Amino acid sequence: MKQVGLFLGCNIPFNRPDVEYSARYILSELETNAVDLEGASCCPAFGTMPSIDIEAWAAASAWNLVLADEKGIDLVTGCGSCYGSLNEAKHHMGQHPELIEKINQIYAKVGKEYKGTAKVSNFINFIYEDVGLEKIKQKVKVNLNGLKCAVQTGCHNLWPSEAYPTSEDNTFQPKRLREICEAMGGSAPNYSAITDCCGMGALRSNASDKSLALFKKKLDMIKEELDPDICVIGCSSCLMQFDAGQALLIEQKKLNYQIPSLHIIQLIALALGADIDKLTAFTKVPLDGAINKIKGGN
Amino acid sequence: MEESGVNVINLNQCDEEFIKYLEKFGAHSLKECIQCGKCASTCPMALAGLDFYIKRIIHAATLGLKEILLEDSSVWGCQSCNRCVEVCPMDIKPYEIIQAVRRAAVRDESCPANTYEGLRNLYKNGHAVFPKGFEERRKKVGLPEKPPTLTSHEELKKKFQEILKQTSLADVAPFKLD
Ligand code: SF4
Ligand code: SF4
Chain A
1 MKQVGLFLGC
11 NIPFNRPDVE
21 YSARYILSEL
31 ETNAVDLEGA
41 SCCPAFGTMP
51 SIDIEAWAAA
61 SAWNLVLADE
71 KGIDLVTGCG
81 SCYGSLNEAK
91 HHMGQHPELI
101 EKINQIYAKV
111 GKEYKGTAKV
121 SNFINFIYED
131 VGLEKIKQKV
141 KVNLNGLKCA
151 VQTGCHNLWP
161 SEAYPTSEDN
171 TFQPKRLREI
181 CEAMGGSAPN
191 YSAITDCCGM
201 GALRSNASDK
211 SLALFKKKLD
221 MIKEELDPDI
231 CVIGCSSCLM
241 QFDAGQALLI
251 EQKKLNYQIP
261 SLHIIQLIAL
271 ALGADIDKLT
281 AFTKVPLDGA
291 INKIKGGN
Chain B
1 MEESGVNVIN
11 LNQCDEEFIK
21 YLEKFGAHSL
31 KECIQCGKCA
41 STCPMALAGL
51 DFYIKRIIHA
61 ATLGLKEILL
71 EDSSVWGCQS
81 CNRCVEVCPM
91 DIKPYEIIQA
101 VRRAAVRDES
111 CPANTYEGLR
121 NLYKNGHAVF
131 PKGFEERRKK
141 VGLPEKPPTL
151 TSHEELKKKF
161 QEILKQTSLA
171 DVAPFKLD
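If you read the sequences in order, they're chains A and B. Sequential numbering from 1 applies to the first sequence in my numbering. Sequential numbering from 1 applies to the second sequence in my numbering.
Some clues are possibly wrong.
Unchecked claim - To spell it out: a stretch of chain A is covered by chain B in this simulated footprint if at least three of its residues, at any positions, have a beta carbon under 8 Å from a beta carbon of chain B; those stretches are: (1) 33 to 44; (2) 96 to 110; (3) 185 to 192; (4) 199 to 209.
Claimed, not checked - Calculated pairs, DSS-like style, for lysine-lysine (alpha carbon to alpha carbon, straight line, at most 27 Å): (5) A/K216 with A/K254; (6) A/K284 with B/K140; (7) A/K71 with B/K140; (8) A/K112 with B/K146; (9) A/K295 with B/K140; (10) A/K109 with B/K158; (11) A/K2 with B/K158; (12) A/K112 with B/K140; (13) A/K112 with B/K165.
Said to hold, decoys possible - Which chain B residues face chain A? A few, computed with CB under 8 Å, are given here: (14) Y21; (15) K55; (16) L63; (17) I163.
In short, the hints are calculated from the structure, not lab data. Every value quoted in this text rests on a predicted model; they were computed, and no experiment measured them. A virtual CB, placed ideally from N, CA and C, is assigned to each residue, including glycine.
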């Protein structure tokens, strides 16, 4: 049986465990053993150790990379920031052997060593490359029945491309997430704001109104150009903006329409027959319209 | 920063030492910037309307305008998205300049309070984001109350903290690393 280390991060296990439930479900359906990375930490988030210095960043990221090295496994994560932080730290270490030396001096004190053998993937690339779209097609139990998806890959899943083990042909015109939706029977057209930022992250924490206004601008363009049944998201932070952030805009009476939003992990779980109440347990924007469409309504 | 009008830069404020300081923290090819503005055309900070956005930050950094850079909190609104790195024609890695300014700011104690909250959570719990009530949420979807991370492993958490103590976190954290 294939195996992969499930890197949870913070937001998925603590804020959106419905995404963790979905991730475990799909890995099992895809005959992949989800290995728990016992004792994993935060990636670390960009506003923390990376903002202190490179060495502090590498030391914290290495904690997780070493856990994977020790088990001889690669990692997969549903969070864009984790994908970015771990890969960028790894990239910095790869380019600077003296940094690895320093990190290993520190790690020797707890009897560990950084080797840098584990690859860090996100669910988009994992499904696209390691699982393959053909296998997804074979495994679909609930066809998406033409569900119109507006996809949001998420910036950390795309850039900096030089730090990543794999990449879209053109990161400013991402296609992988669209193709995954299509493989399950959905439609996923391109749109002009496809790579625009959702505003979640440091901007949301430090300038909340401006962040939500940026998000609304993107959502308005999605509504106008595609009028989709659902937004399908590749990153847990973007998901929180698209779902809870959207609910907040509606509550503040700044938005007069709604588009349900799921992480791609949740949408795959849905198509592979997972328990719908569990996989959407913390979804704020109601999904009824999208579910009706999948069941054959309009 | 003023919202509109001409900002007159007082060149007497230029601080060569500060430029070197930023270089130490990863701002490498700062002087190569041609102020083309490509970074700003794709930067979410700029598009969201922060006045002091990436191109202006780079400009201030090339001039070593220490006070402006440390006083303004815009760098903390950077999304770490690396769009600027991807498009910069001079391969300056503007994001790394943002990081360098942040790194100078934490040593000057001029970062927003939520930065410390994230660091404290990371050190104490192993997670920068550690919201209340997660046990109930996890139970609702049939998962164990605690995830298999450092939350479930006290001994490993001590080792993780040992690692963090060996970094500059020990110098900049406004809380005790015990
Ligand atoms: S894109 Fe590069 S060269 Fe152009 S203004 Fe930004 S940092 Fe300077
Ligand atoms: S990394 Fe920061 S400065 Fe660069 S484009 Fe993104 S938000 Fe702007």
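Next on the checklist: Would the hint linking A/K216 and A/K254 be met if the CA-CA limit is 27 Å?
Outcome noted: 9 Å, holds
Next on the checklist: What's the verdict on A/K112 and B/K146, does the C-alpha distance respect the 27 Å limit or exceed it?
Outcome noted: 25 Å, holds
Checklist entry - For the stretch 185 to 192 of chain A, does the count of residues with a C-beta closer than 8 Å to a C-beta of chain B reach 3? => result violated (count 0)
Checklist entry - Holds or violated: A/K112 with B/K140, Cα cutoff 27 Å? => result 36 Å, violated
Next on the checklist: Need the status of pair A/K284, B/K140: alpha-carbon distance at most 27 Å?
Outcome noted: 15 Å, holds
Checklist entry - Against chain A, with CB atoms and a cut of 8 Å, does the hint on B/L63 hold up? => result At about 22 Å, which exceeds the 8 Å cut-off, the nearest Cβ of chain A leaves the hint on B/L63 violated.
Item to check | Restraint status (C-alpha distance of A/K295 to B/K140 at most 27 Å) | outcome: 25 Å, holds
Checklist entry - Is the straight-line distance between the alpha-carbon of A/K109 and that of B/K158 27 Å or less? => result 12 Å, holds
Next on the checklist: Taking beta carbons only, do three or more residues of the stretch 96 to 110 of chain A come closer than 8 Å to chain B?
Outcome noted: holds (count 4)
Checklist entry - Are the Cα atoms of A/K71 and B/K140 separated by 27 Å or less? => result 30 Å, violated
Item to check | Hint validity - B/K55 Cβ closer than 8 Å to any chain A Cβ | outcome: At 17 Å from the nearest chain A Cβ, B/K55 fails the 8 Å test, so the hint is violated.
Next on the checklist: Verify this for me: three or more residues of the stretch 33 to 44 of chain A with a beta carbon less than 8 Å from a beta carbon of chain B.
Outcome noted: Since three or more residues must qualify, the claim that chain B covers the stretch 33 to 44 of chain A holds, with 8 doing so at under 8 Å.
In this structure, the earlier hints numbered 3, 7, 11, 12, 14, 15 and 16 are contradicted, and the remaining ones agree with it.
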